[in-house]
Amino acid sequence: MTDVTQIRSASLLDRLDEAAIASAAPSQAELMTELRIKGRPGWTSRLPPSLAAFVTNPKGMAGVTILLAMILFSIFAPMFSEYNPHRRAGKPHVMPGYEHVLGTTRMGKDVFTQVAYGGRISLAVGFGAGIAAAVIGLGIGIAAGYFGGKIDDILTFFVNVVLVLPGLPLIIVIASLVDSAGPLVIGIVLALTGWGWPARTIRTQTLSLRTREFVLSAELMGEKKWRIIFKEIFPNMLSFFMGGLVLGTISAILAEAALSFIGLGDPNAVTWGTMLYWAQNNMALQVGAWWEIWPPAIAIMLTGAALVLVNFAVDEITNPQLKASRKIGRIKRFLKRRGRSADVF
Amino acid sequence: MIYILRRMAFYVAAFFVAVTLNFFIPRIMPGDPSARIIASFQGRLSDAQVEAIRASYGTTGSLWEQYLGYVGQVLRMDFGISTVQFPEPTSSLLFYGATWTLVLVGISITLAFLIGTMMGIHAAWNRGGFFDSVFTPLNVMLNAFTPAVVALLLFYAFSLQLQWFPLGRAHAMGLAPSFDLHFIGNVLYHATLPVLSILIVSFGGWHLGMRNVMINLLNEDFVILARAKGLSDRRVRYRYVARNAIMPQITSLALSVGFLLGGALVTEQVFNYPGLGKFTVTAIESRDYSFIQAQLLLLTMSVLVANLLSDIANVILDPRLRKG
Amino acid sequence: MSSDRALIEVRNLTVDYVGDHSIARAVNGIDFDIREGEAFGLAGESGCGKSTVAFALARLTRLPGLVSGGQVRLNGEDVLKFDKARLKAYRWNEVSFVFQSAMNALNPVISVSEQIMDVIETHEPELGQEGARARAVELFELVGIPPKRLDDFPHQFSGGMRQRICIAIALALKPKLIIMDEPTTALDVVVQRDIIEQIVDLKKRLGFSVLFITHDLGLMIEFCDRIGVMYSGELVEVAPAEAILTAPQHPYTRALGNSFPPLTGPRVRMEGIAGTPPDLRALPQGCRFAPRCPLAMDICRVDAPELRFYPEHRSQAACHLLN
Numbered sequence: 230m231t232d233v234t235q236i237r238s239a240s241l242l243d244r245l246d247e248a249a250i251a252s253a254a255p256s257q258a259e260l261m262t263e264l265r266i267k268g269r270p271g272w273t274s275r276l277p278p279s280l281a282a283f284v285t286n287p288k289g290m291a292g293v294t295i296l297l298a299m300i301l302f303s304i305f306a307p308m309f310s311e312y313n314p315h316r317r318a319g320k321p322h323v324m325p326g327y328e329h330v331l332g333t334t335r336m337g338k339d340v341f342t343q344v345a346y347g348g349r350i351s352l353a354v355g356f357g358a359g360i361a362a363a364v365i366g367l368g369i370g371i372a373a374g375y376f377g378g379k380i381d382d383i384l385t386f387f388v389n390v391v392l393v394l395p396g397l398p399l400i401i402v403i404a405s406l407v408d409s410a411g412p413l414v415i416g417i418v419l420a421l422t423g424w425g426w427p428a429r430t431i432r433t434q435t436l437s438l439r440t441r442e443f444v445l446s447a448e449l450m451g452e453k454k455w456r457i458i459f460k461e462i463f464p465n466m467l468s469f470f471m472g473g474l475v476l477g478t479i480s481a482i483l484a485e486a487a488l489s490f491i492g493l494g495d496p497n498a499v500t501w502g503t504m505l506y507w508a509q510n511n512m513a514l515q516v517g518a519w520w521e522i523w524p525p526a527i528a529i530m531l532t533g534a535a536l537v538l539v540n541f542a543v544d545e546i547t548n549p550q551l552k553a554s555r556k557i558g559r560i561k562r563f564l565k566r567r568g569r570s571a572d573v574f
Numbered sequence: 181m182i183y184i185l186r187r188m189a190f191y192v193a194a195f196f197v198a199v200t201l202n203f204f205i206p207r208i209m210p211g212d213p214s215a216r217i218i219a220s221f222q223g224r225l226s227d228a229q230v231e232a233i234r235a236s237y238g239t240t241g242s243l244w245e246q247y248l249g250y251v252g253q254v255l256r257m258d259f260g261i262s263t264v265q266f267p268e269p270t271s272s273l274l275f276y277g278a279t280w281t282l283v284l285v286g287i288s289i290t291l292a293f294l295i296g297t298m299m300g301i302h303a304a305w306n307r308g309g310f311f312d313s314v315f316t317p318l319n320v321m322l323n324a325f326t327p328a329v330v331a332l333l334l335f336y337a338f339s340l341q342l343q344w345f346p347l348g349r350a351h352a353m354g355l356a357p358s359f360d361l362h363f364i365g366n367v368l369y370h371a372t373l374p375v376l377s378i379l380i381v382s383f384g385g386w387h388l389g390m391r392n393v394m395i396n397l398l399n400e401d402f403v404i405l406a407r408a409k410g411l412s413d414r415r416v417r418y419r420y421v422a423r424n425a426i427m428p429q430i431t432s433l434a435l436s437v438g439f440l441l442g443g444a445l446v447t448e449q450v451f452n453y454p455g456l457g458k459f460t461v462t463a464i465e466s467r468d469y470s471f472i473q474a475q476l477l478l479l480t481m482s483v484l485v486a487n488l489l490s491d492i493a494n495v496i497l498d499p500r501l502r503k504g
Numbered sequence: 100m101s102s103d104r105a106l107i108e109v110r111n112l113t114v115d116y117v118g119d120h121s122i123a124r125a126v127n128g129i130d131f132d133i134r135e136g137e138a139f140g141l142a143g144e145s146g147c148g149k150s151t152v153a154f155a156l157a158r159l160t161r162l163p164g165l166v167s168g169g170q171v172r173l174n175g176e177d178v179l180k181f182d183k184a185r186l187k188a189y190r191w192n193e194v195s196f197v198f199q200s201a202m203n204a205l206n207p208v209i210s211v212s213e214q215i216m217d218v219i220e221t222h223e224p225e226l227g228q229e230g231a232r233a234r235a236v237e238l239f240e241l242v243g244i245p246p247k248r249l250d251d252f253p254h255q256f257s258g259g260m261r262q263r264i265c266i267a268i269a270l271a272l273k274p275k276l277i278i279m280d281e282p283t284t285a286l287d288v289v290v291q292r293d294i295i296e297q298i299v300d301l302k303k304r305l306g307f308s309v310l311f312i313t314h315d316l317g318l319m320i321e322f323c324d325r326i327g328v329m330y331s332g333e334l335v336e337v338a339p340a341e342a343i344l345t346a347p348q349h350p351y352t353r354a355l356g357n358s359f360p361p362l363t364g365p366r367v368r369m370e371g372i373a374g375t376p377p378d379l380r381a382l383p384q385g386c387r388f389a390p391r392c393p394l395a396m397d398i399c400r401v402d403a404p405e406l407r408f409y410p411e412h413r414s415q416a417a418c419h420l421l422n
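If you're matching them up, the sequences are chains A, B and C in order. At position 137 of the first sequence (counting the first as 1) the number is 366 in my numbering, and the numbers step up by one without a gap. At position 224 of the second sequence (counting the first as 1) the number is 404 in my numbering, and the numbers step up by one without a gap. At position 120 of the third sequence (counting the first as 1) the number is 219 in my numbering, and the numbers step up by one without a gap.
Just chain A, same shape as in the assembly (with noise of 0.2 Å):
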């Protein structure tokens, strides 16, 4: 037992080391506090931990806060005004101001009142377009991974060809044909030229899902492939349709405002994209009318903007590695108060 303590002596001269006293690591708990990090949220603690990875995200929280404000304001808009979008309501281009929040066109009907009512088309042609789109290629995407083979060779070409076939011109023929292309048909066309891009990414995700042990086990237990497919593929496929369904919405939105400004679009309706036209046509620019082109535009740019922010946090979730996190500076801080270099990477 001498022999220990002896031992047990040097090997405290070791620990007291000068150097290594000065460079010795703080606790967890002070490292959180130097690093400033915050432990997860209580209550999220009973959510499946991708969606409180979601609430948790700024940008995500932002993103959908922006999003239920423009659906809630299109959907109640009748609480917010009382003209009627289609309807002259005053003299024309008149300047925002208490009559008009947002001043009138040049046909006099209400700005404010026809971005509220606007945005029930153009979001619900947006959602509906992109959600169609998403389930489409989730769809397509799992058959053509799951099955492979024959079925994945014809899926496959078909998801090669609308991601090649130029979806705006194909509208813009379909849309001519038709007297005129209500947001209805805009939105199946849009719906029908989407999917290439979710099927594409999920295909190649299933793939790899399909080599993994529990597919592999619940295969050798006799699973039907249906219920494989529902139980052990489709929820990890959640992020990816997520992912397709902001892009989807995104461009869809975008295109149907550029259908609607180049005239194809029904005149009639009111959208965004149609006060876009309107806006144009009257020359709303050049005569000074501001008031009649940005609260659509702003509309539509909010709306883009929200989904993107979602579209980053999703991205985020599915890959962490992708965070821009501000935890990054204060770890390089972290290293230069001690005196090292902050070659992280």
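Honestly, the hints are just simulated from the structure, not real lab data.
DSSO-like, lysine-lysine: derived pairs with alpha carbons at most 30 Å apart:
hint	chain 1	residue 1	chain 2	residue 2
1	A	K561	C	K187
2	A	K561	C	K183
3	C	K275	A	K565
4	C	K180	A	K267
5	C	K187	A	K556
6	A	K565	C	K187
7	C	K180	A	K561
8	A	K565	C	K180
Simulated DEER-style distance windows between Cβ atoms:
hint	chain 1	residue 1	chain 2	residue 2	range
9	A	L413	B	L497	43 to 49 Å
10	A	L413	B	R500	43 to 49 Å
11	B	G249	A	R441	50 to 56 Å
Covered, in the sense of this in silico footprint (three residues per stretch, anywhere, with C-beta under 8 Å from a C-beta of chain B), are these stretches of chain A:
hint	stretch
12	392-399
13	486-495
14	507-516
15	520-529
16	554-561
For clarity, every value in this text was computed on a predicted model and none was experimentally measured. Built from N, CA and C at the ideal position, the CB exists for glycine as well.
The hints should help you fit chains B and C onto chain A, whose structure is shown.
Showing chains B and C alone in chain A's frame:
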């Protein structure tokens, strides 16, 4: 080589899908397409124009014969007679517009790709830094802004108010096209604002794409090994990370060509630029159906050519594709 | 073969992974030396922090990893405090790296020659391109690959050949230490043998030290002079290889020895270790192995044992049972 041949076979097949769609879409719509189109002119057409429309729809013979006839026409690049610029053949109008669209989209897509990719490299390398945290989301949000509004604002501010740039056209009136500096300079001057408006709404996508692919590559062993070797930052960044990240970017670039060509429509409309989009809008207004159909085929063809070029670029960049 | 002079001294090395809402202490203040010319092994289950230690030694810790404390000393200098210029000189001149998967360790779209030559040209620019190429040819011959294949691309080689190329790259600047992180795990058994024999042979000729990491304890005992056994971010035992084989002191080392079949001799039944390692974000009081330890005593759940030297066993171990 086999890889390229396989891809080419696919592009031919995809082109026939587009041709077939073009053939069937008007025919599944209720009624006789030529009659509908003629009717929509409400008697404003001459007999020759009516005849031209009838001929271009070839509504005689069985459906199969009609289809073969249509395919034959397409292969001969014969898209019928334009009803608007009668009796000009559609194809000459088409190719005139396509040239200017190519100038516009070509310049803006190249600039957007270069600027976005460089920014993406910078953002990925300094992940979490000021540039990355502020400009990555901002640039991507620009992508979701309406091209129409961006174009209108630029047009209003710089063409109408400040009068720094012209009100339309691809080059000054009366200037004969030639390959001298004066003409090219004039073309670039006219193209500046349209290019800028496409650029603003498109470079963010390349920024984000490059950034994300780069960040994923930073976890690869070969990148860690390159750093462990003590190579210069520059070399690791470009030779080991960006070099590999550029390949999927090129594939996306080719796939985005169709989207950008479609988007040029709005820009050309606002800036009164004589490209394909401008003519297409005129064609829509005057129901020049043969032009509308032809522009779809031409744009599809451009996308397919762009994809073929990207395949070739990838074969050059990636030795793994060369063996098959 | 190995001298008693320490080449690298690791003191109180602490590495954390910084999460969004928590901090996981992957390596908790460990101390060990790697001696000149020695093969030192780090063993342990996956997730025990052995690769994290290797990366910290080579100054390759990546975000969100953070070396939050301790020192890695090379000739009395702290590697963790190296500035950019000193770091560049340290990398590959003094410490090089061989990864588990040779396919992923080579850039698939750059020729092998460029990947060997760029490191030589970076560190020894006076050689020029000619000189670098001559060195690359030498290195290829050293690991037994025909130099005419120098300009091929990684996918044109078999798995074993790729790993040889990685070893050739690791030897390019004749470093003092080569870190090998599971260098043979991705290979089949026959190739594995070949590669290990080659490394042993090269080590004898060139005299570098090796930090060898694997979960295959049998292979490690054969190849290494001394072995450190890690559990949950701490070293629980450091001893000469034969001591680990014949007289493992820590219950975890014993359990680990049982859970892998020996390379030679009759196959014994594999006994996995029941239970899982603790959550690194919320560590238990006392010995980290106590919850899974069949011999745990009351004190083990309260007081964490320190790593101490027991001369009678020629082993350093951290276990209350030995007191």
